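Colleague: Here is how the chains run, residue by residue.
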Amino acid sequence: MTNDNFFSIHNLSISFGGLMAVDNVSFDVLPGSIFSIIGPNGAGKTTIFNCINGLYSPDSGKIIFQGKNIIGLKPHKIAQKGIARTFQNIELFSRMTTMENLMLGRHIHMKTGIWTGSTFYRRGSRAAQEEIKHRERVEEIIDLLDLQVARNQFVGGLPYGTQKLIELGRALALEPQLLLLDEPSAGMNSEEKQDLIFWIKDIQDELGVTILLIEHDMKLIMDISDRILAINFGKPITEGTPAEIQKHPEVLKAYLGEDEVIGHAA
Amino acid sequence: MDMKRDYYEDIQLLDSKVLWFWFLMLIASLIVFPFLAPNYYIYMANYMAIHVIVTVGLNILVGYTGQISLGHAGFFAIGAYGTVLLMTVLHLPFLLAILLAGFIAAFFGFILGLPALRLEGPYLAIATLGFGMAITQVIGRWQVFGGRMGMEAPSPSFGAYVLESDRQLYFLIVTIAFLLVLAARNLMKTRVGRAFIAIRDSDIAAETMGVNLTFYKTLAFAVSAFYAGIAGGLMAFLLGFINPSTFNFILSIYFLAFVIVGGLGSIFGSITGITVPWEHIDNVFREVDEYYRTSQYRKHNIRPDCYSARCV
Ligand SMILES: Nc1ncnc2c1ncn2[C@@H]1O[C@H](COP(=O)(O)OP(=O)(O)O)[C@@H](O)[C@H]1O
Ligand SMILES: [Mg+2]
Chain A
2 MTNDNFFSIH NLSISFGGLM AVDNVSFDVL PGSIFSIIGP NGAGKTTIFN CINGLYSPDS
62 GKIIFQGKNI IGLKPHKIAQ KGIARTFQNI ELFSRMTTME NLMLGRHIHM KTGIWTGSTF
122 YRRGSRAAQE EIKHRERVEE IIDLLDLQVA RNQFVGGLPY GTQKLIELGR ALALEPQLLL
182 LDEPSAGMNS EEKQDLIFWI KDIQDELGVT ILLIEHDMKL IMDISDRILA INFGKPITEG
242 TPAEIQKHPE VLKAYLGEDE VIGHAA
Chain B
58 MDMKRDYYED IQLLDSKVLW FWFLMLIASL IVFPFLAPNY YIYMANYMAI HVIVTVGLNI
118 LVGYTGQISL GHAGFFAIGA YGTVLLMTVL HLPFLLAILL AGFIAAFFGF ILGLPALRLE
178 GPYLAIATLG FGMAITQVIG RWQVFGGRMG MEAPSPSFGA YVLESDRQLY FLIVTIAFLL
238 VLAARNLMKT RVGRAFIAIR DSDIAAETMG VNLTFYKTLA FAVSAFYAGI AGGLMAFLLG
298 FINPSTFNFI LSIYFLAFVI VGGLGSIFGS ITGITVPWEH IDNVFREVDE YYRTSQYRKH
358 NIRPDCYSAR CV
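Protein sequences, first through last, are from chains A and B.
Read in order, the letters of the first sequence correspond to residues 2 to 267 in this note's numbering.
Read in order, the letters of the second sequence correspond to residues 58 to 369 in this note's numbering.
Just to be clear, a hint being listed does not mean it is correct.
Stated by the list, open to error - Computed beta-carbon distance windows for the label pairs:
id: 1; chain 1: A; residue 1: N190; chain 2: B; residue 2: R242; range: 22 to 32 Å
id: 2; chain 1: B; residue 1: I261; chain 2: A; residue 2: R138; range: 40 to 50 Å
id: 3; chain 1: A; residue 1: L253; chain 2: B; residue 2: R242; range: 20 to 30 Å
id: 4; chain 1: B; residue 1: I310; chain 2: A; residue 2: R138; range: 38 to 48 Å
id: 5; chain 1: B; residue 1: V75; chain 2: A; residue 2: P160; range: 26 to 36 Å
id: 6; chain 1: B; residue 1: V146; chain 2: A; residue 2: S58; range: 24 to 34 Å
id: 7; chain 1: A; residue 1: S58; chain 2: B; residue 2: R62; range: 49 to 59 Å
id: 8; chain 1: A; residue 1: G114; chain 2: B; residue 2: I84; range: 50 to 60 Å
id: 9; chain 1: A; residue 1: G19; chain 2: B; residue 2: R175; range: 18 to 28 Å
id: 10; chain 1: A; residue 1: K82; chain 2: B; residue 2: F164; range: 49 to 59 Å
id: 11; chain 1: A; residue 1: L31; chain 2: B; residue 2: R62; range: 31 to 41 Å
id: 12; chain 1: A; residue 1: D206; chain 2: B; residue 2: R175; range: 41 to 51 Å
Claimed, not checked - Listed below are several chain A residues computed to face chain B (Cβ distance under 8 Å; list not exhaustive):
id: 13; residue: L56
id: 14; residue: L93
id: 15; residue: R96
id: 16; residue: R171
id: 17; residue: G241
Note that these hints are calculated values from the structure, not bench results.
From a predicted model like this one, the values you see are computed outputs, not experimental measurements.
For every residue, glycine included, the Cβ atom is placed at its ideal position computed from N, Cα and C.
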């Protein structure tokens, strides 16, 4: 697959009442790579994700996934194509357990409907068989992300870092080809962040998932990104490898600001 | 984990011998009850079982999917009138009639669910309230439905075996209620129920995980209306007579009250819920008492005065 075909954005723009939240943004993502978007708060990063998901309809531009423009598709259709995401402000199903949250991630892979679902009465029933099969699959993700302790707990009361991981797990349960992570490390302590870096690497290497990442933690970004796009006020500033981005004067000015951040990252 | 988990336990109704024991005890006592209790209480049990069906169905909509309906008396009426008309006009057997009436109610539920996609909170409440009231108006004015005078409901029968006594109706009503409660419980444990709950907790996350919001939100309305429709059909059998005032909008409020008192998003709460909020409990008892007496009259083929008195 050529890079243009897998995932690319062309001249994407969207405004809210005169405010250009995203202004003519374009980029290509290579399959299997980690592509990061950085920029100060309000730069338009989350808005790009919302356009990819179909939650917002952009004013102009194209979003190509596997050779097709996905703009105009309903969010659930886009999910079915293999794009999953996590949210900056946690959007878990708070009155479900961890297991159930991840099982919802299996929704598009399951078939049980009203009739089979309401009439199962034994282990061998179709709905029960399907539940068992997909719970086994979800258990692998629970193991991968070390969520065993939280498995049967309602997620609403769990620590913030754990909730972030459950969102990641739910997105993985969809078996996406493209995974959008919106500030996954926000609210995590450094140990949790270390694990997160490890897992994101794993998801890329072992599962072959392509990742679009929004992050503020510069060390994390520089560690794991293959390419980085910097935006400000909705406009692209520059795009390049981590090494190139760290040196770019406008990035330094607009986003990174202080030298010590760079020193830490290098 | 070295021990392999049994995932069936996660969704199983009864995962221990103790639970099985109590489950069988429950069934046994439900069977024995009508032989020990006086008729009046059997009638009361029938009345409550019907309300359990509505409440459980309404809970699927309100408690699990997070939508609201102040119009469930409308679906209840559609079920009641549908059942009666399908039996008297098309001469369908009662089980088929009540099932079809349930589906007709579900269809109306689906239709009402469409505007509900764009409405939230108080606006949805008002729309559904309007729907419920409109149904009562329509059946009150249209002669096919007996107008204000209402209609006699035929007794359900299996061939020549007519279910007429409260005890006979008890077995019909309680069996259906029992099965519908189990079905609701199963539904909420599997894929469709999870989609409902997901929509309630975060519709954005649900749709980005592949849940079709339009489909599941209208489906929740349809399922919920189906339950109310079936319950309405059973109510027609229980009362032996239906008229528009049986289905006024206060009833919709009551239904919602049962759901809330029992606990939003709790199937078994809905069962207990119906026993609690009879605020004007003596009023209700008086009403039940009246239904009871009038249904006795029906059996003796006497047309009670109170109906004509009520109908003016
Ligand atoms: N639904 C919306 N309605 C109005 N303004 C919005 C909406 N979504 C985002 N914005 C605005 O667009 C700009 C970009 O926001 P966002 O993409 O969330 O920034 P960030 O880069 O911090 O993720 C902000 O000024 C925000 O207020
Ligand atoms: Mg953001």
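Colleague: Could you run down the list of hints and mark each one as holding or not?
Modeller: Now the hints, each set against the structure:
1. A:N190 x B:R242: 22 to 32 Å: At 41 Å between Cβs, range violated.
2. B:I261 x A:R138: 40 to 50 Å: Violated, at about 24 Å.
3. A:L253 x B:R242: 20 to 30 Å: violated (60 Å)
4. B:I310 x A:R138: 38 to 48 Å: The hint (38 to 48 Å, Cβ to Cβ) holds, given that B:I310 and A:R138 are roughly 45 Å apart.
5. B:V75 x A:P160: 26 to 36 Å: holds (34 Å)
6. B:V146 x A:S58: 24 to 34 Å: Since the Cβ atoms of B:V146 and A:S58 sit about 49 Å apart, the hinted range of 24 to 34 Å is violated.
7. A:S58 x B:R62: 49 to 59 Å: Taking Cβ atoms as reference, A:S58 and B:R62 lie about 43 Å apart, which means the hint is violated.
8. A:G114 x B:I84: 50 to 60 Å: violated (28 Å)
9. A:G19 x B:R175: 18 to 28 Å: 26 Å Cβ-Cβ, so the 18 to 28 Å window holds.
10. A:K82 x B:F164: 49 to 59 Å: violated (32 Å)
11. A:L31 x B:R62: 31 to 41 Å: holds (38 Å)
12. A:D206 x B:R175: 41 to 51 Å: Given a distance of about 45 Å, which is inside 41 to 51 Å, the answer is holds.
13. L56: This interface hint holds because 7 Å falls under the 8 Å limit.
14. L93: holds (7 Å)
15. R96: It holds, given that the least Cβ distance between A:R96 and chain B is near 6 Å, below 8 Å.
16. R171: holds (7 Å)
17. G241: violated (29 Å)
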